[in-house]
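Chain B: place on chain U using the hints.
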Amino acid sequence: MNLEDKNPNRMGELLRKSLQREEVPAGFADGVLIRAARQRAAAHDSHVPSWFRIFSQPLLRWAAFATISASLIGGGIRYREVRREREEGEAAKQQLMLALHIAGSKLRLAKSKVNEIHTSRPEREPSTNRSRSKS
Amino acid sequence: MRKANWKLLCSVFLMLASSLLRAQEFKLPVDVEKLTSRAKETVEVNMDGPMLQWASKFLSAEDPEEQKAAKVVANLKAIYVRSFEFDKEGAYSPAEVEALRAQFRSPLWSRVVGVRSEHNGENVDVFFKLENEKMAGIVIISAEPKELTFVNIVGPLEVDQLADLGGEFGIPKLNTKPSGKPLAKVEKGDHK
Numbered sequence: 001m002n003l004e005d006k007n008p009n010r011m012g013e014l015l016r017k018s019l020q021r022e023e024v025p026a027g028f029a030d031g032v033l034i035r036a037a038r039q040r041a042a043a044h045d046s047h048v049p050s051w052f053r054i055f056s057q058p059l060l061r062w063a064a065f066a067t068i069s070a071s072l073i074g075g076g077i078r079y080r081e082v083r084r085e086r087e088e089g090e091a092a093k094q095q096l097m098l099a100l101h102i103a104g105s106k107l108r109l110a111k112s113k114v115n116e117i118h119t120s121r122p123e124r125e126p127s128t129n130r131s132r133s134k135s
Numbered sequence: 136m137r138k139a140n141w142k143l144l145c146s147v148f149l150m151l152a153s154s155l156l157r158a159q160e161f162k163l164p165v166d167v168e169k170l171t172s173r174a175k176e177t178v179e180v181n182m183d184g185p186m187l188q189w190a191s192k193f194l195s196a197e198d199p200e201e202q203k204a205a206k207v208v209a210n211l212k213a214i215y216v217r218s219f220e221f222d223k224e225g226a227y228s229p230a231e232v233e234a235l236r237a238q239f240r241s242p243l244w245s246r247v248v249g250v251r252s253e254h255n256g257e258n259v260d261v262f263f264k265l266e267n268e269k270m271a272g273i274v275i276i277s278a279e280p281k282e283l284t285f286v287n288i289v290g291p292l293e294v295d296q297l298a299d300l301g302g303e304f305g306i307p308k309l310n311t312k313p314s315g316k317p318l319a320k321v322e323k324g325d326h327k
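Protein chains in written order, with my numbering: chain U, 1 to 135; chain B, 136 to 327.
Treat each hint with caution, since some may be false.
Unchecked claim - So the derived list for chain U, only partly shown, Cβ under 7 Å to chain B, looks like this:
(1) GLY27
(2) LEU60
(3) ALA64
(4) LEU100
(5) ILE102
(6) ALA103
(7) LEU107
(8) ARG108
(9) LEU109
(10) LYS113
Said to hold, decoys possible - Sample of chain U residues with no beta-carbon within 10 Å of chain B, all distances over it, derived:
(11) GLY12
(12) GLU13
(13) GLU22
(14) PHE28
(15) ARG40
(16) PHE52
(17) ILE54
(18) PRO58
(19) ALA66
(20) LEU72
(21) ILE73
(22) GLY75
(23) ALA99
(24) LYS111
Quick caveat, the hints were computed from the structure, so don't treat them as lab data. From a predicted model like this one, the values you see are computed outputs, not experimental measurements. Backbone N, C-alpha and C define an ideal beta-carbon position, used for all residues, glycine too.
Bound-form chain U, shown alone (with noise of 0.2 Å):
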């Protein structure tokens, strides 16, 4: 600034064309716009753990979907065999047990009839004798 310059209207007259409003140039909006979603994007992935960042590709990502995918339907095939094979166990558990009860209920059968006899024999003995002094 020279001496002319300090002249108050001369300096009143820079303040006003400095503080004067100017027209932005065209796409400037959009620049900063852009420049701020680069920012947030940048920040975002700094939150995001680094082996995440490799479902960022699209093929990966389908990739991925597929894997999940396939192994619930196949976890969900797998629980329905193991419940299937668990029921028909069950059932097999089941004729076995009535297998062996049956088997169990007829030697107890034979048992009892075999301890009927041996009971009854030494009851008819005596009373055999009895009738024979009698006579």
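Chain B in isolation, oriented as in the chain U frame:
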């Protein structure tokens, strides 16, 4: 190539032979199988080695009855049961039962109990199969007026353990008290 054919032929022959041998263990006469149509209720259990072992895997170690059953089944090879319950008496003929008993009149089998009761018509036969003086199987044929039961258990087993299972599973135990009435005929220890 020829070797492979021979191996295939031998394996097929062995499979056929083993199935025939297994079939010979217990063969119900055709007439007896027909009883199913006449019976009010039929129980049929056929469990051979792998099936038996698989079923025993589901026996609970916490349930005392199932624990007992697991002990009985541990070394068994097969269990076959046919039980027919009829509405009325005389649904089967004594000849049909006799045909079945006849299968076990062989040197392999010993009839250890044979009960013939004219009083209540309960006839029971128990045959043991002994191999090297060890129990290798048991057959029970029980013919009652309205019930006919065949049991064949293949493999070593403790008879007392099996009898213990007879009155379990919520079903009342059989009355083993002597009735005091004389039985018509009881045969025991008829070893052949």
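Do the hints match the structure? See the list:
| no. | hint | in the structure |
| --- | --- | --- |
| 1 | GLY27 | 76 Å, violated |
| 2 | LEU60 | 44 Å, violated |
| 3 | ALA64 | 38 Å, violated |
| 4 | LEU100 | 5 Å, holds |
| 5 | ILE102 | 5 Å, holds |
| 6 | ALA103 | 4 Å, holds |
| 7 | LEU107 | 4 Å, holds |
| 8 | ARG108 | 4 Å, holds |
| 9 | LEU109 | 6 Å, holds |
| 10 | LYS113 | 4 Å, holds |
| 11 | GLY12 | 101 Å, holds |
| 12 | GLU13 | 102 Å, holds |
| 13 | GLU22 | 88 Å, holds |
| 14 | PHE28 | 78 Å, holds |
| 15 | ARG40 | 60 Å, holds |
| 16 | PHE52 | 44 Å, holds |
| 17 | ILE54 | 45 Å, holds |
| 18 | PRO58 | 48 Å, holds |
| 19 | ALA66 | 36 Å, holds |
| 20 | LEU72 | 28 Å, holds |
| 21 | ILE73 | 28 Å, holds |
| 22 | GLY75 | 23 Å, holds |
| 23 | ALA99 | 4 Å, violated |
| 24 | LYS111 | 6 Å, violated |
In summary, the structure is inconsistent with hints 1, 2, 3, 23 and 24 from the numbered list given earlier, while agreeing with the others.
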